[in-house]
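*Asks:* Spelled out, the chains give:
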Amino acid sequence: MYMGNEAPTQKSFRDVKKGIKSWLVTLDHKRIGMMYLTGILASLILGGSFALLLRFELFEPGGQFLTKQQYNELFTLHGAVMIFLVIVPGIPAALGNFVLPMQLGAPDVAFPRLNLISFYLWIIGAILMLITLFAGAVDTGWTFYTPYSLQTSTAVVPAVLAVFILGFSSIFTGLNFMVTIHKFKPQGMGWFKMPLNLWALYATGLIQVLATPVLGITVLLLFVERVIHIGIFDPTIGGDPVLFQHFFWFYSHPAVYIMILPAMGVVSELISVHARKHIFGYRFIAYSSLSLALLSFLVWGHHLFVSGQSRLATMVFSALTFTVAIPSAIKVFNWTATLYKGSIRLNAPMLYGLSFILLFTIGGLTGLFLGTLSIDVHLHDTYFVVSHFHYVMMGSTLVAFLGGIHHWWPKMSGRWYPRRTARACAVGVFFGFNQTFLPQFVLGSRGMPRRYWDYDPQFTLLHQLSTIGAVILGISLFITVCYLLWSWFKGKPASSNPWGASTLEWAQPSPPPLYNFEEPVDEIPELYDYDDLEYDEATQNWVRNPPVKA
Amino acid sequence: MLSSLTSLLQLAPQAAAKAAAAAKGVKVPTPDALTHHGTFWMPEQANSFAHETDWMFYGILGLSAFCFFGITFAVVYFTWKYRARPGNMKAQPSILHNDGLEVTWTLIPSIIVVIIFVLGWRGYVNMATPPKNALEIKVIAQKWDWFFEYKVGPSASFTDTELHVPIDRPVRLTMTSKDVIHSFYVPAFRIKQDVVPARYTHLWFKAIRAGEYRLTCAEYCGEGHSTMKNKVVVEPPGGYELYLESKQEELDTMPPIELGKKTYQLCKPCHSTNGIRGNGPSFQGIWGTQVEMSDGSKVLVDENYIRESLMDPTAKIVKGFAPIMPTFKGTLRDKQIDGMIAFIKSLAK
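Chain order of the listed sequences is A and B. Mapping of the first sequence onto our numbering: residues 14 to 563, in sequence order. Mapping of the second sequence onto our numbering: residues 508 to 856, in sequence order.
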């Protein structure tokens, strides 16, 4: 077994074969993960640019430089790109692909070819989304609510096809990961000896496999309704437009947990490693991941509190929605308790990890307002909701994604990003994010509806504060993407275990060879146990003392 | 935290009563719908149950602030206290889990969310249950305008693009859309309801402060979504009737006798046109005759008598009938009264 300090005997996965083609036809989970990461970060820049344009347009009431129609198209594309191309695939497809087999001590995922197919489906979906952008755009909002989506003249058809295809990419990834965990879990790693990241990815896979087909069916029905008018959602020919909302949220609410669960997994790793402390209450965190996956299927109706659904359904969905607060609260308490008596290092991944705890707490607590029926009637479809879900999706998921990238980057690239700049950007993301979205809670509770191109002058100041925050956030993220790209080529070499983590991926060289764990793992280090790890100044590496038996 | 929340909720009705009194007694300056008049968080409270929503909001805000600052304090304090430094390069030994502690911080949030749910549900039931005597107004949403249909008689109605409602009287809206889904949202009333094509949805409110308020579409409906705004005018006492009067243009153009026929629909339950006695005397052939009153006097049925009977029905009661007729003062306009006169005249022998 690789011990950490000797020179790797094989060329790394980065260098073993050269040329674009060797990447495009690779079956290696690490290369596929890196390609995903590239695509996702490119989409992040695209979706982020849309967001900045929207924020500039909203700097003052009335039209600035976008027409109403352009504004509507931009917020639709911002939502669709961010959800379907960035946040849903983000952590599982990019980080999960790289890390999951290695945390299991496995050479690859269970179905490497399916993995590559998932990636190409993602590419096709992304291309269709871009075609949509140039073929007259789409102005329905990422939610495609009927009957508006049946009547608009914009390019709804390519957009829903993109979503349909991206859905399959997601399903295949989830399936692949679940099978990989079941089949490749090494001897000596019981279910409760798995890193929490794997628990989270497993729970995510479960939702991806069970919920995403419903999205596929829903957008397919929308497609059929639009093309041959069969009367499912169109009220003029006997359909029910609200039925679409039920179908749509039956997927899209669980999808929130496809986004947040892997983020929670990543953060569990970050907090433990960088506090040098065993995670507190492992079983409660693992079970809460599973219970969130289950509960996520039972709360979709809270998106329909004012849609005209029955009062009884509204009451039941409100009650079920509140249950989600419980496992979420458990996780926050356990992460906080993990910090107690640790030895905390405030490097970039940890800054993102701590940001996550605070931002997710805000995202979760503001969910209480929206779950409360009488208050939701006022806040529904206002900026309060916009801010709430950005705290969960961006403040939590994207921040965890960035934390994960910074945590595993030395392993993935074998190189260091500029660490001081990275810390500064992490702080910039935290403050920029809060400045962008805290004012939006007030906008919402004062009655500013979402998806508005124009607004009353009373809201101007809050919108301007928000736009300034968005600029800080945008600059921080842009610098981050730039230095990551730079460091892939020019960064200082990183050691095999620069953080002193105990999970198996760090027991391979940085970057890992093409076939990691060619020899099966014979002994699994104690999970989240950092007592035996000693930092070696000379090699800037953490080694086991005494070493694990070879 | 929770006890203070419930005590806040008990205080709420007093606040509402105060607001209602202020609205009734004092002439309230008309708020400009475009500027913010409420608190830091919320718009002004112009609906009878707005204060309940707000107390819930502030209660949860307090709870959230407590939780958030608690977590933040713990995170920041631990991060500082246990920062890596010489002498603390390794974590100190501590427990890996503590079932008692973890069960506690599972149970406490569970109890809190049950309480929040029940309180929110109670408020919602109130919002979802209109009183029986509510004034009915129909709302039609169409890209990108709101239309309001006011019923002014059993079969008479007119449509306007502004919503005018009386103060201190429950109003129930029956809403539908002509094209896509819209959502009726008045922030100052804390109410919102989607307006769906080929379906009717409802909501109700009781305005407690005269003035103008923002009505705004909250469900994305296409290009003009952000301009699908309008005003809700809460009329001071008597103002609603004046508004209706000033707006009945369709009725204005009708010949008096036709208008009278329409207006008669209001009288029909008690007054026949074929001589059959109802709760009130029949209108057939009474014009120009002398009618005996309950006090024995005789009265000529002419313009003045008919007008008086509509405005002050119990001033003179026809012999053999009970003084049960309601007044139509404020409901009927002069033109309609003229119409009624023409109509009754046409029933003369």
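Hints should not be assumed to be uniformly reliable.
Unchecked claim - Listed next, with one range per pair, are the computed distances between beta-carbon atoms:
no.	chain 1	residue 1	chain 2	residue 2	range
1	A	Val240	B	Arg706	18 to 26 angstroms
2	B	Asp606	A	Leu307	18 to 26 angstroms
3	B	Arg629	A	Ala437	19 to 27 angstroms
4	A	Thr51	B	Arg629	16 to 24 angstroms
5	A	Ile58	B	Phe547	45 to 53 angstroms
6	B	Ile622	A	Gly201	40 to 48 angstroms
Unchecked claim - Quick look at which bits of chain B chain A covers, simulated, 3 or more residues with Cβ under 8 angstroms:
no.	region
7	561-568
8	571-585
9	614-626
10	639-649
11	688-698
12	841-852
Don't read these hints as lab results, they were simulated from the structure. Being a predicted model, the structure only gives us computed values, none of them experimental. Every residue gets a Cβ at the ideal spot worked out from N, C-alpha and C, and that includes glycine.
*Asks:* Each hint should be assessed against the structure and marked as holding or not.
*Replies:* Status of each hint after checking the structure:
At about 25 angstroms, the CB distance of A/Val240 to B/Arg706 agrees with the hint of 18 to 26 angstroms. For the pair B/Asp606 and A/Leu307, the beta carbons lie near 22 angstroms from each other, so the given range of 18 to 26 angstroms is met. The hinted window of 19 to 27 angstroms between B/Arg629 and A/Ala437 is violated, with their beta carbons roughly 49 angstroms apart. For A/Thr51 and B/Arg629, the Cβ-Cβ distance of about 52 angstroms falls outside the hinted range of 16 to 24 angstroms, so the restraint is violated.
Between A/Ile58 and B/Phe547 the beta carbon distance is about 36 angstroms. The supplied range of 45 to 53 angstroms is therefore violated. Roughly 46 angstroms separates the CB atoms of B/Ile622 and A/Gly201, a value that falls within the hinted 40 to 48 angstroms. With 4 residues carrying a beta carbon less than 8 angstroms from a beta carbon of chain A, the region 561-568 of chain B meets the three-residue requirement, and the given coverage holds. For the region 571-585 of chain B, the assignment as covered by chain A holds, since 8 residues bring a beta-carbon within under 8 angstroms of that chain's beta-carbons and 3 suffice.
With a threshold of 8 angstroms between beta carbons, the proposed coverage of the region 614-626 of chain B by chain A holds, since 7 of its residues qualify and at least three are required. As drawn, the region 639-649 of chain B meets chain A at 0 residues by the rule of a beta-carbon pair under 8 angstroms; below three, the given contact is violated. Restraint check on the region 688-698 of chain B versus chain A: 7 residues with Cβ-Cβ distances below 8 angstroms, three needed, restraint holds. With a threshold of 8 angstroms between beta carbons, the proposed coverage of the region 841-852 of chain B by chain A is violated, since 0 of its residues qualify and at least three are required.
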